[in-house]
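Colleague: Each chain, written out:
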Amino acid sequence: MKLISALLLRQFLVWRQLWIGSTLTNFANPALFLYAFGFGLGSMLATVGGVDYLSYIVPGMVAYSILFSANFDTTINAYSRFQVQRTYDALLATPVRLPHIVLSEILWAALKALVNGAGVLLVAAFFGGVDSLSNALLTLPLFLLGGLVIASIGLMFTSLAKGFEFFSYIFTLWVTPNFLFTGVFWEIDRYPWFIEYIAYALPLHHLVEATRPLLLNQPVDMGMFAIHVGYLAVLTAVATAVALARFNKRLFD
Amino acid sequence: MTLIQATGLTKTYRTTNAVKGIDFTIEAGGCVGLLGPNGAGKTTTMKMLVGQTTITDGELTLFDVPVSKLSADERGRLGLVSQDNNLDPDLTVEQNLQLYGRYYGLSRDEVAPRVEALLDFVQLKEKRNDSVRALSGGMQRRLVIARALIADPELVILDEPTTGLDPQARVLIWQRVLELKKQGKTLLLTTHYMDEAQRLCDRIIVIDGGEILDDGTPKELIKRHVPTQVYEVNKPLPKALEDDLSSFEADDLGDSVQVYVNDPKQLFEKLDHPETQVRLHRPANLEDVFLRLTGRNLREGA
Ligand SMILES: Nc1ncnc2c1ncn2[C@@H]1O[C@H](COP(=O)(O)OP(=O)(O)O)[C@@H](O)[C@H]1O
Ligand SMILES: [Mg+2]
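These protein sequences, in sequence, are chains E and W. Everything in the first sequence is counted per our numbering, starting at 1 for the first residue and increasing by one. Everything in the second sequence is counted per our numbering, starting at 1 for the first residue and increasing by one.
Since the hints were made in silico from the structure, they are not lab data. Predicted model only: the values in this text are computed from it and were never measured. Keep in mind that the hints are not guaranteed to be accurate.
Said to hold, decoys possible - Below, a list of computed lysine to any residue pairs in the SDA-like style, where the Cα atoms sit at most 20 Å apart:
hint : chain 1 : residue 1 : chain 2 : residue 2
1    : W       : 69        : E       : 253
2    : W       : 69        : E       : 248
3    : W       : 235       : W       : 185
4    : E       : 249       : W       : 258
5    : W       : 223       : W       : 272
6    : E       : 2         : W       : 127
7    : W       : 181       : W       : 223
8    : W       : 185       : W       : 114
9    : W       : 239       : W       : 223
10   : W       : 127       : E       : 248
11   : E       : 2         : W       : 140
12   : W       : 69        : W       : 92
13   : W       : 69        : E       : 13
14   : W       : 235       : W       : 175
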């Protein structure tokens, strides 16, 4: 625990130097989307299933900022620590062991993503897109779980990556589908059946589905809720285990 | 007290046999040099010790504990000056030291006075708030040394501490290393510089191709492998020497021949004008041992 907090401290010190830029870009992007889609598209659609369109897309926008932030930290950033800066090598000469590194990478990325996500919620509330502030607070642990799942999967990609090019595929084949096809902007049943099935597999879909009823102040289907949360937890565990195994092989063999 | 014991220590990376079943023991105190050309397996041996790579076969104990079973506290008794300056480029000089201390589990208050002392020790006090990217090669190296000392380890492993540095920077690092020796730390150092090994090490393990070729004090090694005196004789060689060259130990250096003898008389009998024919005379050194043992000149290998 002491060692993991030392590693988190390192991330915090680095982040502190750049926090304004990092926080602004992470807010600005989803805030622009919220504004453009919420007011632009929203004025045409008026409502989705009886809900004001701006409110409808808020959970997706928060999830998007988490996806973006956690993925970036655990892919490009982590890969550069791993392969370019050789930070992991330097750490492994101390009592720090690989599980400390992997857990701290994931934890830090998830915490930072949560802060960014909470920022988007604030912006959304400012635009009038959050119906229940107390429910919004309840979604924070879910968004933290969302950060953990994206971060662990990102780190798994990093443990498999052979170069930076790999991450442009990740962007196209992982980040974009998670963003577009998982019910951020509209229900996924509007897509052909195979895309619908892909969406069921993608974590962002479950994150959005788990948080949307809460944010819209709608009744929560506990069975479905458990499925969403359980799926995200299992994905986190599996991705973390794969990352550990792959890093273990690449660093120590 | 035995600090390190290797028995049949082997490392195979996928297809490369980097270390081929070596045995050695290192006692507490003094400086042991692992001397060998590039690719000899020096770094691999150190990485196995430090826990940066696994052991393929054989045994390796540190403080009488197999390296794979070392506790965090036991790891804390060891400091590594890695071959690459893998400093944290996102942090300042001072932060690099502070955080490294935290990675050893030290508290903020424990780390603070050590950072001061170490910045002083490696003469980087004025650079404390600089980014490590702004440091020269020699300064980075000194910072890596300070970093390795943050937990006040009893064993310090230095992997090529001065490779690629200019002469002044090397001398500064040698001074620090000798100072550590005086403080009673055990040092294990790799190098491919003979002068460095001869200057710093009490004992030298010569390694090449993943195998130990010999092990002893610099004096012992020289005595064991080469005659004591080296004469460099200009070409063309006098006829008498030319005809009898096979009875000497000699190396062809191109426009001259290096002849090794214990008794100079033997050689001088073959020379008619020694004062013009002998270009250079010196006592045999580790470099000569090296040529004998590895069959190649290290400086070229580097
Ligand atoms: N991570 C690695 N993967 C594969 N081969 C390696 C790796 N590290 C070192 N080697 C190979 O192992 C041999 C010994 O390398 P090394 O221990 O770095 O030698 P030295 O430090 O003496 O120069 C070399 O042939 C090197 O190419
Ligand atoms: Mg090396």
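Colleague: Need the list of violated hint numbers for this structure, in ascending order.
Modeller: Hints 3, 4, 5, 6, 7, 9, 10, 11, 12, 13 and 14 not satisfied by this model.
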